[in-house]
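K.L.:
As a plain string of letters, each chain reads:
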Amino acid sequence: MKRGLAIIVAVFMLIGLLAGCSGEQKADAEKTKDGKVVVDFWTFWGSETRRPIIEKIIDDYNNSQDKVFVKHTFLPWGDIWTKNLASVAAGNPADVIINDINTVAQRAENKQVEDLSQYIDDSFKQKFYPHLWETVEYEGKSFAVPFNTDTRLLFYNKTAFKEAGLDPEKPPATWAELEEYAKKLDVKDGDRYERVGFYPLWGSVGASSWMTNADSGKGFIEDGELTINTPKKVEALNWILDWKERLGENTVQAFQAEFGSEQANPFIAGKVAMWVDVGTFYTQLRDYGQDVDFGVAPIPANEEGSGNWSEGGGFVVEIPKGAKHPEEAMDFIKYLTDVEAQKYWSVKNYDNVANIEAAEAALNELEGPDKMVYEASVKNLDQTKMFPVPVEYPDYHSRLNPHIDNALLGKTSPEKALEEAEEDIEKMKK
Amino acid sequence: MKSSDSTLVHTETGSKVIRERQTAEAARTKGLSRKAKDNLAGYLFISPWIIGFLGLTLGPLLFSLAASFTDYNITSKMNFIGLENYKRMFTMDDLFRTSLFNTLYYVIFSVPLTTAGAILLAVLLNQKIKGMKFFRTIYYLPAVLSGVAVYFLWMQLLSPSTGLVNTMLGWFGIDGPAWLFDPEWTKPALLLMKMWSVGGGMLLYLAIMQGVSPQMYEAADIEGASPWQKFYHITLPMISPIIFFDVITSTIGAFQIFQEAYVMTENGSGGPGNSLLFYNLHMWNNAFEVFNMGYASAMAWLLFIIVMILTAVNMKLGKRWVHYEGGDGK
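For the protein sequence lines, the chains are R and B, in the order given. Numbered according to the numbering used here, the first sequence spans residues 1 to 430. Numbered according to the numbering used here, the second sequence spans residues 1 to 330.
Next comes chain R alone, as it looks inside the complex:
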């Protein structure tokens, strides 16, 4: 009797296990009760600020028609894309996903995304900023639709400007001016810095940003040619090293380590007077820095007329390869990237959206400092460069960055570092 029971229990366990393996796909109903096609939409926007915004857009879409029902699935940053990859390989991906703007070509090349060309005509393309649309094209086809982007601006503390005898309405326009202003803005107590005027590697900006800014917006790989070891890029690295030398390694590290936590942003706390960051940095200023009187300006140009080049990133919407309902998915993508949804996203987040008309319409709805920062960021898109990763050099960043690190750590000279980086990357060409 006992043995019989044991066998029955064991059999049930076995059935349970097998059911566990195959259950999910069927449990995921493809249609709602009232016959709408369910489109699964994956994003990493789960924060208190972003989630209600994207969900409002989804609700609006769901209410706007009776054929498609979009279901929002939140996956944490870092997980979303590996999970997507696994689900594409398993043949059961989401229908729509938010993905990185600079690596669309990689995914197209590796057949991880659907070709959207059949749904897209020229009039649709023209709705978007051209530098963003370029990133979604690969071999003459479109594999995604741009959703949002960013650009870097110089935030400066007007109160500190006044204290230092600088005109708060006249932010630095060139690197030389930036240096001159920074020195005036430094506040020292003996050897210790109480306020640092500026340091190029703090904020949402890195050495590579300055290198491309110096090089008139030229990236590291242009049209398949390596443009890493250029005189202007060497100059930029040397320039960063000069800053480091002037402030001293200890000051730099001491300040830097404190920002790690982001609890107390040093610009907001008044410890740094000029700060490069993306437009949405404004939300932090608004929420935690009510008393900070600040201005925004484009990143200073290397020299007069060389351009205020900024690096840009962002996200696209795409349909993973093998998605079950591409047509319905595309219908939703069109809604998501159209004026109304994009305007809403923009007004709520001060984020730079990809749809030109929406970006401009958002401007009319904002006022005061909201408008000031947002307007500056939209204007700056003209001088923002995207750096899509070329298919032939899929992980060139991982080769380049250590060389830049070594140069900045003083282990090697900028000339040598960039020369070696270029050689290394040349070698890995696919």
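Just so you know, the hints here were simulated from the structure itself, not pulled from any lab data. Watch out, some of these pointers could steer you wrong.
Unchecked claim - Stretch by stretch, here's where chain B covers chain R in the computed footprint (C-beta under 8 Å, at least three residues):
no.	region
1	208 to 215
2	400 to 407
Said to hold, decoys possible - Residues of chain R placed beyond 12 Å of chain B at every Cβ, according to the derived structure:
no.	residue
3	V38
4	E48
5	I53
6	S64
7	F74
8	S117
9	Q118
10	E137
11	T227
12	K232
13	E249
14	K334
15	E360
16	G368
17	A376
18	K379
Built from N, CA and C at the ideal position, the CB exists for glycine as well.
Using the hints provided, position chain B relative to the given structure of chain R.
P.N.:
Leaving out everything else, chain B in the frame of chain R:
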């Protein structure tokens, strides 16, 4: 008559024998089937594990072995390219060398340090002093806390100017290094962090130390042995099976270091200057950042081979110093 009688008797005995034999056989078949039933139940009970093992472990294992000879990129390609991946590791991939060096560095320092640390701690916590339970609990506590939160905590502790570690060094007039910001100090920083969580190993040592018979120590006391002699000649041999176990598992664990570097370096890059680019991190980047799953599989198999060889060496060497109580070690 007699003869027929005897025949009858004979036949009777014969049939009795046959009958007995039959019952015995019946009993035996019944017994066999009972055993078979038991076996069946047993197999059914472990079948979830067997199916899990075949489907979720052995299957992927063999698949990755096959993939290591291809240019598999997860979604579109899987062409046989022979030993190309393995060749690339040794001839073209500088980062492979860097990552292997970083990993070996970590293994070589972390295994002896954590083992010695855990033993030392266990010895200290094995004293009969009031309130020892409290100390045992707090020293074990770090082993309970989960990974990522701990790494964030350590990033604060190791912060160059405001972190507790450098502040404490400052009390002794030592100007602490920049830890996670200085490529020369990143690996020592991870070792320091690792030392903090030796509580898991400590618990094992403590358990076996408590099992060492007190008579041995009493005997040693009578002989006038010093504390160190008692430790070296009694405690150490008695706990050697656990040391052996600990060394093997922590070597394997140290080779697999990944999370620390992934969480604690910017964007999981393994920086600054690739000083924390560990083998598994490089493998992960290859697999999921640039979709070179074939190459990553080859790396995984090479690591498997390295760990296998090292474990075999450990096993071989282990015979020389591991003491098994009440047995010959076989």
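K.L.:
Against this structure, judge whether each hint is valid.
P.N.:
Do the hints match the structure? See the list:
Here the region 208 to 215 of chain R counts 0 residues with a CB under 8 Å from a CB of chain B, which misses the bar of 3, and the coverage is violated. Evaluation of the coverage hint for the region 400 to 407 of chain R: fulfilled, as 4 residues show C-beta separations to chain B shorter than 8 Å, against a requirement of three. Consistency note on V38 of chain R: stated as away from chain B, and its beta-carbon is indeed over 12 Å from all of that chain's, at 24 Å minimum. Every beta carbon of chain B lies more than 12 Å from that of E48 of chain R, the smallest distance being close to 20 Å; the non-interface claim holds.
The beta carbon of I53 of chain R is kept farther than 12 Å from every beta carbon of chain B, the shortest such distance being approximately 25 Å. At roughly 33 Å from the closest C-beta of chain B, the C-beta of S64 of chain R stays outside 12 Å, upholding its exclusion from the interface. Every Cβ of chain B is farther than 12 Å from the Cβ of F74 of chain R; the closest lies at roughly 19 Å, confirming the non-interface assignment. No beta-carbon of chain B comes within 12 Å of the beta-carbon of S117 of chain R; the shortest separation is about 18 Å.
With a closest Cβ-Cβ approach of about 20 Å to chain B, Q118 of chain R is found to remain outside the 12 Å limit, as its non-interface label requires. Non-interface status of E137 of chain R relative to chain B is upheld: no Cβ of that chain comes within 12 Å, the nearest being about 19 Å off. The claim that T227 of chain R lies off the interface holds: its Cβ sits roughly 21 Å from the closest Cβ of chain B, which is beyond the 12 Å cut-off. Listed as outside the interface, K232 of chain R is consistent with that label: its C-beta sits roughly 24 Å from the nearest C-beta of chain B, beyond the 12 Å cut-off.
Under the 12 Å C-beta cut-off, the non-interface status given to E249 of chain R relative to chain B is violated; the minimum distance is some 8 Å. Non-interface call for K334 of chain R relative to chain B: holds, since the shortest CB-CB distance, roughly 25 Å, exceeds 12 Å. In this structure E360 of chain R is separated from chain B by more than 12 Å, as the shortest Cβ-Cβ distance comes to about 33 Å. With a least CB separation of 35 Å from chain B, G368 of chain R remains clear of the 12 Å interface cut-off, as annotated.
At the 12 Å boundary, the C-beta of A376 of chain R stays outside the reach of chain B, the nearest C-beta of that chain being 27 Å off. Listed as a non-interface residue, K379 of chain R keeps its Cβ farther than 12 Å from every Cβ of chain B; the least gap is roughly 29 Å.
Hint compliance for this structure: hints 1, 13 are broken, all remaining hints hold.
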